[in-house]
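All chains should be modelled from the sequences, with the hints used to inform the complete structure.
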Amino acid sequence: MRIAIVGTLDTKGEEIRYLRELVQRRGHHPLVIDIGLLGPTLFPPDIPRQEVLRKAGVELKSLLEKGEEGEAAERMAEGLAILLRELQQEGKIDGVLAIGGGMGSAMVARGLQKLPVGFPKVLVSTKVAQAGAGAYVGTRDVVVIPSVADIQGLNRLTRKVLGNAVGAICGMVEAIAQGPEAGRPAITMSMLGTTT
Numbered sequence: 001m002r003i004a005i006v007g008t009l010d011t012k013g014e015e016i017r018y019l020r021e022l023v024q025r026r027g028h029h030p031l032v033i034d035i036g037l038l039g040p041t042l043f044p045p046d047i048p049r050q051e052v053l054r055k056a057g058v059e060l061k062s063l064l065e066k067g068e069e070g071e072a073a074e075r076m077a078e079g080l081a082i083l084l085r086e087l088q089q090e091g092k093i094d095g096v097l098a099i100g101g102g103m104g105s106a107m108v109a110r111g112l113q114k115l116p117v118g119f120p121k122v123l124v125s126t127k128v129a130q131a132g133a134g135a136y137v138g139t140r141d142v143v144v145i146p147s148v149a150d151i152q153g154l155n156r157l158t159r160k161v162l163g164n165a166v167g168a169i170c171g172m173v174e175a176i177a178q179g180p181e182a183g184r185p186a187i188t189m190s191m192l193g194t195t196t
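Anchor point for the sequence shown: position 188 equals 188 in the working numbering, and the numbering is continuous, going up by one each time.
If you are wondering where the hints come from, they were derived from the structure by calculation, not from laboratory data. Because the structure is a prediction, the values reported are computed rather than measured. All residues carry an ideal CB built from backbone N, CA and C; glycine is no exception. Only true hints are included.
Here are the computed lysine-lysine pairs in the DSBU-like style, where the Cα-Cα straight-line distance is at most 35 Å: (1) K55 to K160; (2) K92 to K55; (3) K114 to K55; (4) K92 to K160; (5) K55 to K66; (6) K92 to K61; (7) K66 to K114; (8) K92 to K114; (9) K61 to K114; (10) K92 to K66; (11) K160 to K114.
The following label-pair restraints were derived from C-beta to C-beta distances: (12) G27 to G91: 15 to 25 Å; (13) L157 to G57: 34 to 44 Å; (14) G67 to V117: 34 to 44 Å; (15) F43 to I187: 46 to 56 Å; (16) R159 to G67: 30 to 40 Å; (17) M191 to E59: 46 to 56 Å; (18) Q152 to Q50: 22 to 32 Å; (19) E21 to G91: 20 to 30 Å; (20) E69 to F43: 19 to 29 Å; (21) N164 to K66: 31 to 41 Å; (22) V117 to G57: 24 to 34 Å.
Structure representation (structure tokens):
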């Protein structure tokens with residue numbers, strides 16, 4: 001199974017490399033997507049930030065020349081949403097594991113929210129406790145895992161949280177691969193918002 005790993009390689013490179021290694025150990029194929037805006041990457045991603053931005057119709061160089069970090073983040077989020085949806089629709093990914101601080105979580109949230117319900121998507125975020133999960137989940141089934149500590153290097157705590165996130169996404173894509181019974185009609189019933 002192919003799992004997209006999304007994050008800012010300029011600030012979370014060490015952690016993303018660790019996620020990539022854990023996904024490989026589980027027998028899956030990682031596809032690293034860089035959404036970093038400024039600094040150099042720790043290792044070459046499978047899909048670089050320039051390619052993500054091109055999906056939004058902009059070039060990284062022109063954004064950096066403007067010096068507008070907010071606009072750059074907005075365009076990166078837009079490009080990522082388009083890219084993830086294309087990869088999912090073309091069957092090139094089976095799940096998405098994203099990692100982010102405040103800005104990174106905000107950028108990946110839009111992309112995760114564009115993926116269909118039932119498609120495996122996990123976000124490890126430093127901002128869940130402050131912002132709540134609603135901003136990142138929207139109306140989709142995004143699994144949000146609080147990082148508990150700031151994501152600034154690997155230590156005993158961050159390795160555990162990131163390991164759990166890899167276990168979650170791998171379990172989700174493996175469960176989807178086994179699939180439910182095909183051809184049976186489905187009925188949806190909801191009492192959401194109704195009190196008795």
